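Visitor: What follows is each chain in one-letter form.
There are 2 protein chains.
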Amino acid sequence: MIASDATPEQIRAACRSGALQGATSGLALGYVQTNLVILPRAEAFDFLLFCQRNPKPCPLIEVLDAGAIEPRCAPGADLRHDLPGYRVYEAGELVAEPGDVAPLWRDDLVSFLIGCSFSFEAALMRAGIRLRHVDEARNVAMYLTNRDCIPAGRFAGRLVVSMRPIKAHQVALAVEVSARYPDVHGAPVHIGAPEALGIDDLARPDFGEAVAILPDEVPVFWACGVTPQAVMRASRAPFCITHIPGRMFVTDRPEPAV
Amino acid sequence: MIASDATPEQIRAACRSGALQGATSGLALGYVQTNLVILPRAEAFDFLLFCQRNPKPCPLIEVLDAGAIEPRCAPGADLRHDLPGYRVYEAGELVAEPGDVAPLWRDDLVSFLIGCSFSFEAALMRAGIRLRHVDEARNVAMYLTNRDCIPAGRFAGRLVVSMRPIKAHQVALAVEVSARYPDVHGAPVHIGAPEALGIDDLARPDFGEAVAILPDEVPVFWACGVTPQAVMRASRAPFCITHIPGRMFVTDRPEPAV
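Line by line, the protein sequences are chains A and B. For the first sequence, the numbering used here gives the first residue as 428, with consecutive numbering after it. For the second sequence, the numbering used here gives the first residue as 428, with consecutive numbering after it.
The shape of chain A in the complex, shown without the other chains:
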């Protein structure tokens, strides 16, 4: 059990020792957490370009040099060990979910740290907006949409969104607050009308867990950092390592104070 006041360094140490293998939501509050994508150098330009062209789902917090394992945003960390769990994709297929990727490490691997919605969720809650998946201790509901990302080289695929039911009178506030966090997906991409995004049934998310939507609530959709994983599958990337959704890399960077 990880103490709720554990520091980012303590959380990373718990990942490294195997003591923490679960979700990181609610931990290290006040510090930025990130999604992770690791690709060979040969694919890194195309993916960096993909992120530049699709900043809403892929806001870059940091990109490491090829072979580097210690991010500037977390001195002393080692990206091969310091997440609760990893996914390994080969030719777009999920082939393993190891707790450590040191045995797979190569000097040509480039690590991308991508902003995570935990940052703006904390801000939404400070603004008085209740988040049902937090109240119910579930993973947020995520959906593969019908909206194409802008492709870059070999990488193409559709946008993944996260959905949070928001009281109708607080939807504008949720937009205002999240818009202040462009590094973590920013303002919603879509409000209401899930069918226009190609989502037939909100009760059946493609990732995460469904939550109820009450009569005075509107489903609000934000671009989601799981998009790269959908893109890796769609693009049949030869080799890729990611985090497991919800089990993020915890940095030493304080949340932006906006």
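It should be emphasised that the hints constitute simulated quantities derived from the structure, not laboratory data. Here the structure is a predicted model, which means the values were calculated and not measured. Virtual Cβ for every residue (Gly too), placed ideally from N, Cα, C. Heads up, some of the hints might be wrong.
In the SDA-like style, the derived pairs of lysine to any residue whose C-alpha atoms are separated by at most 25 Å in a straight line are [claimed, not checked]:
1. Lys483(A) x Lys594(B)
2. Lys483(B) x Gln479(A)
3. Lys483(A) x Leu487(B)
4. Lys483(A) x Ala493(B)
5. Lys483(B) x Ala495(A)
6. Lys594(A) x Gln479(A)
7. Lys483(A) x Pro642(A)
8. Lys483(B) x Arg607(A)
9. Lys483(B) x Tyr458(A)
10. Lys483(A) x Arg631(A)
11. Lys594(B) x Asp562(B)
Label-pair restraints from in silico Cβ distances [stated by the list, open to error]:
12. Ala606(A) x Arg557(B): 29 to 35 Å
13. Leu456(B) x Gly580(A): 51 to 57 Å
14. Asp432(A) x Leu531(B): 55 to 61 Å
15. Gly625(A) x Glu622(B): 54 to 60 Å
16. Asn573(A) x Arg499(B): 18 to 24 Å
17. Leu531(A) x Asp575(B): 56 to 62 Å
18. Asp633(B) x Asp633(A): 50 to 56 Å
19. Leu600(A) x Glu622(B): 42 to 48 Å
20. Asp492(B) x Glu622(A): 31 to 37 Å
21. Ala446(B) x Leu600(A): 31 to 37 Å
Given chain A, work out where chain B should sit, using these hints.
Guide: For chain B alone, kept in the frame of chain A given last:
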């Protein structure tokens, strides 16, 4: 002579025909203009990473696919012809300033469009801030500082800043207004104290033209899109094409309304 109300498309056509070979400041007001850097695909990942790590001097407006010449932000344009003039660097040395780079074009060249301060200058003037270099129809004064950019791969070098004298009572306003334009260098990087940036003599800029600083004014320094040219020199990049400072690429993208 180009009409001051010429459209971006008309300005690009004038560049293509050779009718416009001079500066683009004051033209196509209300449309985004950009710096240009063109590099071989082999160096493109390192430079894209450099831009990601140094967003103040290198805010990316668009990065084209290798070989592509028509940006999304200017349909119908051709980056090989549509700037007033180009600089060609080999091994970090300036070797030519042609009016057209079609004869040098290769299918492996990647074009980077980088935000230009003209956008925030228009906003400063709308806010009631006089800009002396505009009043005097000079190129803005630019200085090579003692501040290192964050390196990426082969690319390293020092930050170049532009300087504008601002009335002391308007410095805070200038910060507020320019901060709204993160895509075009954003807020200043330094206010006053030029010696702390390693600038010994404001009357001798490294690029552009000097302007007077009056007793009630403070020199305010913004990160500058000429930084990549200093970096190309310092890094001895094998081959690079850029714009000529002040002679920018004019896009069809309206200035952000903020």
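Visitor: Return the numbers of the hints above that this structure violates; sort them in rising order.
Guide: 1, 6, 7, 13, 17, 21
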